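**Q** Sequence:
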Amino acid sequence: MGGGIEAGESPEEAALREVAEETGLVLRSGRLGPVVWTRRALFTVDGVRIDQDEEFRVVVLDAAETAAVRVDTREATHGHRWWSAEALATTAETVRPRGIADRLPALLAAGARGDWPVVEHLGDVDEDVDARRA
Numbered sequence: 001m002g003g004g005i006e007a008g009e010s011p012e013e014a015a016l017r018e019v020a021e022e023t024g025l026v027l028r029s030g031r032l033g034p035v036v037w038t039r040r041a042l043f044t045v046d047g048v049r050i051d052q053d054e055e056f057r058v059v060v061l062d063a064a065e066t067a068a069v070r071v072d073t074r075e076a077t078h079g080h081r082w083w084s085a086e087a088l089a090t091t092a093e094t095v096r097p098r099g100i101a102d103r104l105p106a107l108l109a110a111g112a113r114g115d116w117p118v119v120e121h122l123g124d125v126d127e128d129v130d131a132r133r134a
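All residue numbers for the sequence shown refer to our numbering, where the first residue is 1 and numbers rise by one.
Read the hints as simulated data drawn from the structure, not as lab findings. Small disclaimer: the values here were computed from a predicted structure and weren't measured.
Computed spacing ranges between beta-carbons, pair by pair:
| # | residue 1 | residue 2 | range |
| --- | --- | --- | --- |
| 1 | 61 | 89 | 17 to 27 Å |
| 2 | 64 | 124 | 32 to 42 Å |
| 3 | 115 | 50 | 29 to 39 Å |
| 4 | 124 | 65 | 30 to 40 Å |
| 5 | 110 | 61 | 10 to 20 Å |
| 6 | 45 | 95 | 16 to 26 Å |
| 7 | 6 | 92 | 33 to 43 Å |
| 8 | 117 | 31 | 11 to 21 Å |
Beta carbons: idealized from backbone N, C-alpha and C, even for Gly.
Turn these sequences into a full structure, and let the hints steer you where they fit.
**A** What follows is the structure in structure tokens.
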């Protein structure tokens, strides 16, 4: 899930708002994990070229919270699902950011130890070009 930062919002406030808007879950600010990845992404939406800086954070949900998620947004047109690290690694579907499946096991292991890694920049990507290559 994701979206833009509105005027006057911090990145954390925007992330909490987006989680609520896109899943129905209202999380306290302390529930967001650290920023673990960043990247710059270029892409086109409805004919408009977007150039954005992205932050990826970890949020750990319990079973009740997972069951309470209600995705009802334009992005969910094709449905949504929870992915295991193994399923991400073997899917033929496009998953963004690219390479997440390779990085996820180490990230989750570090998080389980309470030892979140230093932020990793995943690079700059033009998703329109990337999509044409797929």
